[in-house]
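Start from chain D and add chain E according to the hints.
Sequence order for the protein chains is D and E. In this text, residue positions in the first sequence follow the working numbering: the first is 1, and each later residue adds one. In this text, residue positions in the second sequence follow the working numbering: the first is 1, and each later residue adds one.
In case anyone wonders, no lab produced these hints; they're calculated from the structure. From the three backbone atoms N, C-alpha and C, an ideal C-beta is built for every residue, glycine too. Just to be clear, a hint being listed does not mean it is correct.
[To be verified] Pairwise CB distance ranges (calculated):
1) Asp-221/E / Phe-65/D: 20 to 30 Å
2) Ala-91/E / Asp-85/D: 42 to 52 Å
3) Ala-66/D / Asn-59/E: 20 to 30 Å
4) Tyr-220/E / Gly-46/D: 20 to 30 Å
5) Glu-162/E / Gly-67/D: 52 to 62 Å
6) Phe-137/E / Asp-13/D: 33 to 43 Å
7) Gly-46/D / Met-1/E: 34 to 44 Å
Here is how the chains run, residue by residue.
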Amino acid sequence: MATAVANKGWTRDQMAARAARELEDGYYVNLGIGIPTLVANNIPAGMTVTLQSENGMLGIGPFPFAGEEDPDLINAGKQTISELDQSSYFDSAQSFAMIRGGHIDLAVLGGMEVSEHGDLANWMVPGKMIKGMGGAMDLVAGVKKIIVVMEHVSKDGSPKFIPACTLPLTGKNVVDMIITDLAVFQRPNHMSPFKLIELAPGVTAEEVRSKTTASYEG
Amino acid sequence: MQKIYPSAEAALEGLLTDGMTLAAGGFGLCGIPERLIDAIQASGVKDLTIASNNAGIDNEGLGKLLRTRQVKKMISSYVGENKEFERQFLAGELEVEFCPQGTLAERMRAGGAGIPGFYTKTGVGTQVAEGKEVKSFDGEDYILERGIRADLSVIKGWKADESGNLMFRKTARNFNFPAATCGRVCVAEVEEIVPVGSLDPDCIHLPSIYVNRLILGAPYDKKIEFRTVREREAA
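Bound conformation, chain D alone (with noise of 0.2 Å):
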C-alpha cells in the first residue's frame, strides 16, 4: 500500500517540471517562493524565458558559487542569486509597475485554496501568525497568466480546490491554471469553469473527483 502510494501522482519537482511546460519563448515570468521555484531548473533547452525578481531585478541567474555571495543581490525569497549578460535592476514602484501593468506573461504561485470561480487564498491563516501578503496581491491582480501549483489536499486530507476559498482572499477570479500533485485543471477565461485536462501518473479521474469539492468539467 505504502509503496503503490509512494509511485502514484507528481513529486514537487514534477508539478513545477509540469508548470515548466506551459513556459513559450520570450515569456517573462515571475516565480513564487516554494514549489514555484523549482520551475527554473525545468526550463527547455534553446527557450528563453526571462525571470522577473519583484524586488527589482528582471533576469534572476542561478544561485551563486560559494564565495560569489553578494548580499546586494537576492531575489524576493531573499536568498543569493546572480546576474546573467542580459540582467537589468529597477526600484520597486518600477518592479510593480510592470506587474500590475499587465507587462509580465506568467506567475507561478503556491495556493492554501483555490475555488471552482479562481479565487485564490495564499497568504494568510486566521489565528495564526500574520506575515502578510507581500506582492502576491498585486501579481495575481497584474500577470496576464496565474498558475497555482499546490498539493491537492491539505496536511490532513481535506481538498484545497474547493467550491469557496474560507481563508482570506489574495485574488478575486485570477486562477487560469492549476497544477497539484494529481491533476491539472485549466480554463481558458476568468468567465469558464476549471476543466481535469491532465492526470498524474497512476492517478484515476475518479480519485481526483473524491478529493476534490470544487465542481469542474471533464
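Okay, now just chain E, sitting in the frame of chain D:
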C-alpha cells in the same frame, strides 16, 4: 548648500519628533539604511509610524527600533522572520497596516509625485479593499489607495556625488527610490561620496533634488538573510 554631514546623528539633528511618520528603504536586509536606523534608535524618538516593506529581523534593521519599543505602527507588506515583531503584534502593542508590496511602492511614489491617491486592481475583493472606495473603469473594479507623504525618508545608496546625485547597486535599489521621494526631508547614507563630475549624469538613479542630507556610512558589514550557493561543476 552643504548636504554632507559628518555622522548619522548630525544628519538627523532637528528632524526627529515623537509621533512622526518615516519612510524607509530596503528589502529584507538588502539596502537598509542601517547607520540612520542606529542613530534613530540612539535618539530615543518614539511612537513612530514607519512605512517600510519589511520590519527587519530580530535586532537587525528596523527590528532594532521594535526591540526598543520606539515604533507605534508599521505599514508593510511582509513581516516574517521577526520574533519580537510577532510578540508585540500578538500582544496588541504594535499596530500593523498590511499593504500589498506593489501598492506600498506606488503609494510612496505617488506621495512623492504629488498624487494624493490612485486606483489599482490590487486587492479588489480582498480584506485590503475593506473601507476603500471602489470605482469601475472600462468594466473592471479598482480600489482607491492613498499616496504616502512621510515627515522623513531614510535611505541607503551606493555612491553619491557631493551634490547628492545618487546611484544604487543591484537589488539594493528596491524601495530606496520611492521612499526617498515621499519624505518632506530625505536623509541618505552611502558607501562612497565622490566629487561632482565623477558620476555620469546619464547614470544617476536618484537626482540630487530628492536628497537633502547625506552621510558616508562606510564601512558596511552587509548581512545576508538566506545564503544560497551552487557547487562548481567538475572540470
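Earlier hints that do not hold, by number: Numbers 4, 5, 7 - these are the hints that the structure violates, sorted from lowest upward.
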